[in-house]
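Residue numbers (the working numbering), protein chains in the order written: chain A, 1 to 295; chain B, 1 to 185.
Just so you know, not all the hints are guaranteed correct.
To be verified - Ranges between beta-carbon positions, derived for each pair:
{"hint": "1", "chain 1": "B", "residue 1": "154", "chain 2": "A", "residue 2": "136", "range": "30 to 40 Å"}
{"hint": "2", "chain 1": "A", "residue 1": "167", "chain 2": "B", "residue 2": "147", "range": "37 to 47 Å"}
{"hint": "3", "chain 1": "B", "residue 1": "116", "chain 2": "A", "residue 2": "165", "range": "52 to 62 Å"}
{"hint": "4", "chain 1": "A", "residue 1": "2", "chain 2": "B", "residue 2": "20", "range": "39 to 49 Å"}
{"hint": "5", "chain 1": "A", "residue 1": "249", "chain 2": "B", "residue 2": "124", "range": "36 to 46 Å"}
{"hint": "6", "chain 1": "B", "residue 1": "119", "chain 2": "A", "residue 2": "134", "range": "39 to 49 Å"}
{"hint": "7", "chain 1": "B", "residue 1": "143", "chain 2": "A", "residue 2": "128", "range": "25 to 35 Å"}
{"hint": "8", "chain 1": "A", "residue 1": "31", "chain 2": "B", "residue 2": "21", "range": "46 to 56 Å"}
{"hint": "9", "chain 1": "A", "residue 1": "95", "chain 2": "B", "residue 2": "162", "range": "27 to 37 Å"}
{"hint": "10", "chain 1": "B", "residue 1": "66", "chain 2": "A", "residue 2": "133", "range": "21 to 31 Å"}
{"hint": "11", "chain 1": "A", "residue 1": "284", "chain 2": "B", "residue 2": "9", "range": "28 to 38 Å"}
What the hints assert, rightly or not - No farther apart than 25 Å at their CA atoms in a straight line, the calculated lysine-lysine pairs in the PhoX-like style are these:
{"hint": "12", "chain 1": "B", "residue 1": "124", "chain 2": "B", "residue 2": "183"}
{"hint": "13", "chain 1": "A", "residue 1": "161", "chain 2": "A", "residue 2": "24"}
{"hint": "14", "chain 1": "A", "residue 1": "224", "chain 2": "A", "residue 2": "161"}
{"hint": "15", "chain 1": "A", "residue 1": "100", "chain 2": "B", "residue 2": "143"}
{"hint": "16", "chain 1": "B", "residue 1": "143", "chain 2": "A", "residue 2": "108"}
{"hint": "17", "chain 1": "B", "residue 1": "144", "chain 2": "A", "residue 2": "28"}
{"hint": "18", "chain 1": "A", "residue 1": "38", "chain 2": "B", "residue 2": "36"}
{"hint": "19", "chain 1": "A", "residue 1": "24", "chain 2": "B", "residue 2": "170"}
{"hint": "20", "chain 1": "B", "residue 1": "144", "chain 2": "A", "residue 2": "108"}
{"hint": "21", "chain 1": "B", "residue 1": "36", "chain 2": "A", "residue 2": "161"}
{"hint": "22", "chain 1": "A", "residue 1": "38", "chain 2": "B", "residue 2": "144"}
{"hint": "23", "chain 1": "B", "residue 1": "143", "chain 2": "B", "residue 2": "124"}
{"hint": "24", "chain 1": "A", "residue 1": "28", "chain 2": "A", "residue 2": "118"}
Said to hold, decoys possible - Here are some chain B residues the structure puts well away from chain A; computed CB gaps all over 12 Å:
{"hint": "25", "residue": "12"}
{"hint": "26", "residue": "20"}
{"hint": "27", "residue": "74"}
{"hint": "28", "residue": "180"}
No wet-lab data here; the hints were simulated from the structure. Each residue gets a CB set at the ideal place from its N, CA and C atoms; glycine is no exception.
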Amino acid sequence: MKSYAYFLGCLTPLRYPGIEATTKISMKQLGVELLDMKGATCCPAPGVFGSFDLQYWLSVAARNLVIAQDMGVDIAVTCNGCYGTLQEASHLLEDEDRRKRVNDLLGKIGKSYAGKTKVKHVNEVISGDVGFENLKNKMVKPLKGLRVVAHYGCHYLKPRKVRGHGIFEQYHFIDDLAKLLGAEAIEYKDKGMCCGAGGGVRSGELDVALDFTLEKIKNIANVKADCIVNPCAFCHLQLDRGQIELRDRGLLKDTIPVVFVTQLLGLALGLPPKNLGLYDNLTQPTYLEKLGLGG
Amino acid sequence: MKSPIERKVIAVEAPWLLLEEVINRGSTTFPKEDLKTAYDCIQCGECVGGCPSGRRTGWHVRSTIRKMQLGLREELLNSDEIWLCTTCYTCQERCPRQLMITDLVRTIRNIAFEQGHAKDSHLKIAKNMLELGHTVPPTEEMKKMRERLGLNALPPTALQFPEALSEVKKLAEATGFSNKVSKAK
């Protein structure tokens, strides 16, 4: 069984634990073991701590990498922010001089990073370790009739020089996954656009962040999607809670349910919606009725 | 905002000074040769055309780059504009001169943060990190939700391991981050 250190970050365990629960149970069902990273902290968030103090950002990221290094496994994440930081830190710390500078800091807490720990997004675990063939065989509930749009977020794909997944406008993993699971994957205007949350904009300028979200939601509403599938705890929060905030401000009438990529997967694996935390998303899972799973 | 003539004087008297400061600061973390692309901006505006923040605010990312090149230090560091970037990297992906625009913006923010120009809401996140090891606190509602989902009330992070928290506090002290946060209060 393939094992990863599951890096939780902040928003997955403390705002959307449904993402944590569903990822653990669906990955277990697919033969991937996710281990606890004892004493992990915030990644730290790339757009905020990377904006406040780059050396602090990189050294705390390196400390998180060391936890997995000492467990002898690579890291898996369910947030583009965590991926943004840890994957970039892993990339930057392949450089020996930079690693030495960071290790001088880590030495103060009795730690050292060897520069070998890799960081994978759960998207990559599904595509690489599980594989579509295997997944096809384990699917028990095809998501027939479900109209899905994908939102990929920014830090999983950009900057491409660091991430290595190609041009962000051409990436289509979630669309492919949705199709494999029996759903219909629909294109929409400006699909690659940011949710608005990152870089401290949600905390610093909420109205600006929500205006991003409103534009996205309008574009998605135009293609009559049943749900928005995304791979990032922070985008998930912004699209889910953000729609409620927009509704409260009188700027949005109907919300579109937001689903995390492993929640969609869990449904197709036949896991009960309440175990997947689908009712814990603020946008209610109206699509369940379409799948005959309502009530 | 300085007049065009005052800006010209700064640019002539202190050419590239801020830009060099940004490159030096950023190179503690990013490859220096990547940051040196900051000299190459031709003000084509490709970045502004792709910027989702610029579509709805008054911010033009190419002006930020130009101000950095001209050395308009205080004008840039005091401004709200540098905090309107969601770090989506669209500009950086599309720049025909391969400027590391988003990383330059993050580095400019590092200097602004050090000068005490952080927003209160950003300081709140920084303090959460220093006190909890996380950007947001665990709430009672979330603890209950976690238990209902079959998880422990608290995740196995620094929230359960006080020695982990003291380690990240030491890193905050060693890098000078905790000092910057208390100075900005």
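Verification of the supplied hints:
1. Evaluation of the 30 to 40 Å hint for residue 154(B) and residue 136(A) yields a pass: the beta carbon distance comes to about 37 Å.
2. Distance hint check for residue 167(A) and residue 147(B): the Cβ-Cβ separation is about 43 Å, which falls inside the suggested range of 37 to 47 Å.
3. Against the hinted window of 52 to 62 Å, the Cβ-Cβ separation of residue 116(B) and residue 165(A) comes to about 38 Å, which falls outside the hint.
4. A hinted range of 39 to 49 Å for the beta carbons of residue 2(A) and residue 20(B) is consistent with their spacing of about 47 Å.
5. Evaluation of the 36 to 46 Å hint for residue 249(A) and residue 124(B) yields a failure: the beta carbon distance comes to about 22 Å.
6. For the pair residue 119(B) and residue 134(A), the beta carbons lie near 47 Å from each other, so the given range of 39 to 49 Å is met.
7. For residue 143(B) paired with residue 128(A), a C-beta distance near 34 Å keeps the hint of 25 to 35 Å intact.
8. Look at residue 31(A) against residue 21(B): about 51 Å separates their beta carbons, and that is inside 46 to 56 Å.
9. Here the CB-CB span from residue 95(A) to residue 162(B) is close to 33 Å, well matched to the stated 27 to 37 Å.
10. Taken as a hint, the range 21 to 31 Å is violated for the pair residue 66(B) and residue 133(A), whose Cβ atoms sit roughly 52 Å apart.
11. With their beta carbons about 60 Å apart, residue 284(A) and residue 9(B) fall outside the hinted range of 28 to 38 Å.
12. Proximity of residue 124(B) to residue 183(B) is assessed by CA-CA distance (about 14 Å); at most 25 Å being required, the pair is judged to hold.
13. Distance hint between residue 161(A) and residue 24(A) is unfulfilled; the C-alpha atoms sit about 30 Å from each other, more than 25 Å.
14. Between residue 224(A) and residue 161(A) the CA atoms are separated by roughly 34 Å; this puts the pair beyond 25 Å, and the hint is violated.
15. Only pairs whose Cα atoms come within 25 Å are accepted, and residue 100(A) paired with residue 143(B) is rejected, the gap being roughly 39 Å.
16. Between residue 143(B) and residue 108(A), the direct Cα distance comes to roughly 33 Å. Violation of the 25 Å bound is thereby established for this hinted pair.
17. In summary, the hint linking residue 144(B) to residue 28(A) is supported, as the alpha carbons are separated by about 23 Å, within the 25 Å threshold.
18. A threshold of 25 Å between alpha carbons decides the hint, and for residue 38(A) with residue 36(B) the separation of about 39 Å lies outside it, so the pair is violated.
19. About 32 Å separates the Cα atoms of residue 24(A) and residue 170(B), which puts this hinted pair outside 25 Å; it is violated.
20. Between residue 144(B) and residue 108(A) the CA atoms are separated by roughly 37 Å; this puts the pair beyond 25 Å, and the hint is violated.
21. With a CA separation close to 16 Å, the supplied pair residue 36(B) and residue 161(A) stays within the 25 Å bound.
22. For the proposed pair residue 38(A) and residue 144(B), the alpha carbon gap of about 21 Å is at most 25 Å, so the pair holds.
23. Using a Cα cut-off of 25 Å, the hinted pair residue 143(B) and residue 124(B) holds, with the two alpha carbons roughly 22 Å apart.
24. Distance hint between residue 28(A) and residue 118(A) is fulfilled; the C-alpha atoms sit about 21 Å from each other, no more than 25 Å.
25. With a cut of 12 Å on Cβ distances, residue 12(B) stays outside the contact zone with chain A, its closest approach being about 30 Å.
26. Distance to chain A confirms residue 20(B) as a non-interface residue, since its nearest Cβ pair spans about 17 Å, more than 12 Å.
27. No Cβ of chain A approaches the Cβ of residue 74(B) within 12 Å, the least distance being about 19 Å, so the stated non-interface status holds.
28. At the 12 Å boundary, the C-beta of residue 180(B) falls inside the reach of chain A, the nearest C-beta of that chain being 6 Å off.
Hints 3, 5, 10, 11, 13, 14, 15, 16, 18, 19, 20 and 28 from the earlier list are contradicted by this structure; the remaining hints agree with it.
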